[in-house]
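Enquirer: Read off the chains here:
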Amino acid sequence: MTAPVVSRVGSLTRVSSERAGLLSLVLVGVALLSVGARWVSGTIAVLILVLAALVVVGWITLAVLGSPETKRALAPYGLLKPGSMWLAMFYLAPLWTLLTSSLSAKKTRFDVFPTFSWEFSNYGKAFSDFGPQFGRAFLYAGIATFITILIGYPIAYVIAFRCGKYRNILLGLVVIPFFTSYLIRTIAWTSILADSGPVVNILNSLSLTGVLESLNIMDNGKLINTPAAVIGGLTYNFLPFMILPIYVSLEKIDVRLVDAAQDLYSSAARAFRKIVVPLSVPGVFAGTLLTFIPAAGDFVNAQFLGNPNTTMIGNSIQDQFLRQNNYPVASAMSFVLMAIITVLVIVYSRFFGTADLA
Amino acid sequence: MNTPKRGLSRRELLIRSGVVGAAGLSLPAILAACGGDDGGNGGGVGDLLIENWPEYIDLTEDDVPGTIDRFIAASGVKTTYSEAYNDNLEYFAKIQPLLGTGKTIEPDIIMPTQWMAGRLRKLGWLEKLPTDKVPNAKNLEDAFKNPPSDPTGEYSLPWQSGIAGIAYNIDATGRELKSIADLFDPAFKGKIGMLTEMRDTVGLLLLGLGINPSNITSFDEAAGAFEQLEKAKSNGQIRAFTGNDYIDDLGLGNFAACIGWSGDVLQLGTDNPSVRFVVPEEGATLWWDTMVVPKGAKNVEAAAKFMDFVFDPVQAAQITAYVQYISPVKGVREEVAKIDAALADNPLLFPDDETKKRFFPFADLSDEVEAQFEEAFSGVIGA
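Residue numbers (the numbering used here), protein chains in the order written: chain A, 514 to 871; chain B, 54 to 436.
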């Protein structure tokens, strides 16, 4: 920074520009959060929103009229603004509401707004009453994630390395199920796997029913409404989320590395193990997160493909929120779910690392 | 009645029906429900919005006008009929934040099951009906007069009544069923369905244990039924707890047998003779759904006109012939006989006194006991 120029309106030094940018970001975020979380309401809320709007206008004025240096310093905060405003309004504010609700108690059975009272017993109830559902959610999601890796990795590999000009078509085919609603795709399985449906009939005529029953995949001649069906549904629905990130990481690999390894007398298998696998780990990592996290909170598959002994935590949360009207316990369950997932993700990223994710 | 599978919304139900529609079930009926939007021009009493359970009224089919279209033609009231009422608890959870804080909801008539109507009345969320504007209410069958849910009869009029008994697909069972104990036959492991509507499922199990569900006053008296239910769930006897959608599973044979509602099964049985309904020898639970006007509804007068219309035996008979439930309107049997003589002799639609003795309404539970029941039930059904 040579001779600081302060002649133009709104021109600031680099440091104070950054401070101003940061301050405006925080102010707007807090303003939206306070309105969204209902810390303030009525006239005050309107005033705060006007204030937040003024801050944004002020920031824009500074960025437009400032010196090139000021503009440069302010730019990142400007780029962050839409995202942070969105997060403040639609993530932090609801999270706060959920938190207060999880520590509230209903005064009467049909109380509309539970009263905040540091009701930690909601968390105890979430654990004691819904332990099996938590367990199943993570078990099923874990198995489904594992299977999506087993199925998805080879698919991604073939598309990335062996399909040449057909790559884009094949990628399109991977995404095509998304053209239909998630719900319809899941319900379609109820017809496909029905007791008198095509799959069971084929299995019957091949006399495979007994084998599958001894493997616990079928139960008394039925394929649907079993744990295997729930896991299968999760696998099916989340497979594209595994294939796409793995494909992206494989596609970036320079095939000349593999050629070089083979020039140095490495076997194809060894080259795959030493070069392709390590370079594709970030894709597997990203795919695992994209698959496991939503699968653990899913309730659609367990609802349509499961039975009363396969309910997952998502089903319980949905039931407590939408049928039992038990917002406090449902909120506590949501928080526990988030906490467990956070811990699992932290532990997982310790092992696989996120450094190469980008 | 008519609770769908847990948390199944109206939209999901439509989608589901769409999928099943490929298998030749009820899609046309549901689509037809969307008809009747070109009705009269208000007739000075405002537009009427009715929210009812799915497939619970006769619809305009092949130029034969359904009840809604006939009502529009007769009254000139612009009426919108929606099948948004899917599940008592779910609907309650939806309206609670509004009615509970003194706001209003859109529909002018909703059709909660009798016990839910009682809850809404006690919470003060219902409008009194303008009884002087419903002269046909004199046709109300005596059995439905002044129930515990509405002792003065000022807040509700019954819509349809029915029983929860055993529905089965004889192709899947291979034999006729007649007892509640058949639901626990190990041969049907994983092929039994039960209802998410607590009173119907628990009521029937109580009858199976020789306990009269009409006389229950405490949770302890029903504890045996809950134990039996828990056991059947844990050992895999029960395939699913469902609402209306048990019909699909029953038709496909996924359910060998299930607890079902009389009218639904009779409707299905017309298309699929393998599906049967039986009043178990131990008895069956009796329920009815009611027409009520939510607090602050805009068109109470139009609502009264509609109630008056459907309490005319001629009109009520059209509904009965279609939905095949028990009508709460006097004189319907004679009118039904003109449409379909066999139907008028069906004891499930027009039970004689001997049969009626085998129907048991669920007791009117106190608030505290009801909460215990609901919590225990929600615990068992596994969500």
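If you are wondering where the hints come from, they were derived from the structure by calculation, not from laboratory data.
Among the clues, some could well be false.
Claimed, not checked - Below, in silico cross-link-like pairs of lysine-lysine (PhoX-like), each with a Cα-Cα straight-line distance of 20 Å or less: (1) K620(A) <-> K175(B); (2) K619(A) <-> K147(B); (3) K594(A) <-> K584(A); (4) K383(B) <-> K198(B); (5) K191(B) <-> K619(A); (6) K383(B) <-> K409(B); (7) K175(B) <-> K186(B); (8) K147(B) <-> K409(B); (9) K410(B) <-> K198(B).
Enquirer: Is K620(A) close enough to K175(B), meaning Cα to Cα at most 20 Å?
Expert: holds (17 Å)
Enquirer: K410(B) and K198(B) were given as a pair; does the straight-line alpha-carbon distance stay at or below 20 Å?
Expert: Holds, because 18 Å separates the two Cα atoms, which is no more than 20 Å.
Enquirer: Could you grab the alpha-carbon distance between K383(B) and K198(B) and see if it respects the 20 Å cut-off?
Expert: Judged against 20 Å, a Cα distance of about 12 Å means the pair holds.
Enquirer: For the pair supplied as a hint, K175(B) and K186(B), is the alpha-carbon distance within the 20 Å limit?
Expert: Given that 20 Å is the threshold and the Cα spacing comes to 24 Å, the pair is violated.
Enquirer: Is the straight-line distance between the alpha-carbon of K383(B) and that of K409(B) 20 Å or less?
Expert: Holds. K383(B) to K409(B) sits at ~16 Å (cutoff 20 Å).
Enquirer: Can you confirm whether the C-alpha distance between K594(A) and K584(A) stays at or below 20 Å?
Expert: Holds: K594(A) and K584(A) sit about 15 Å apart, inside 20 Å.
Enquirer: Going straight from one Cα to the other, do K619(A) and K147(B) come out at no more than 20 Å?
Expert: Judged against 20 Å, a Cα distance of about 17 Å means the pair holds.
Enquirer: Hinted pair, alpha-carbon criterion (20 Å max): K147(B), K409(B). Please report holds or violated.
Expert: violated (35 Å)
Enquirer: Given the hinted pair K191(B) and K619(A), is their alpha-carbon gap at most 20 Å?
Expert: violated (42 Å)
Going down the numbered hints, you'll see the structure goes against 5, 7 and 8, while the others check out.
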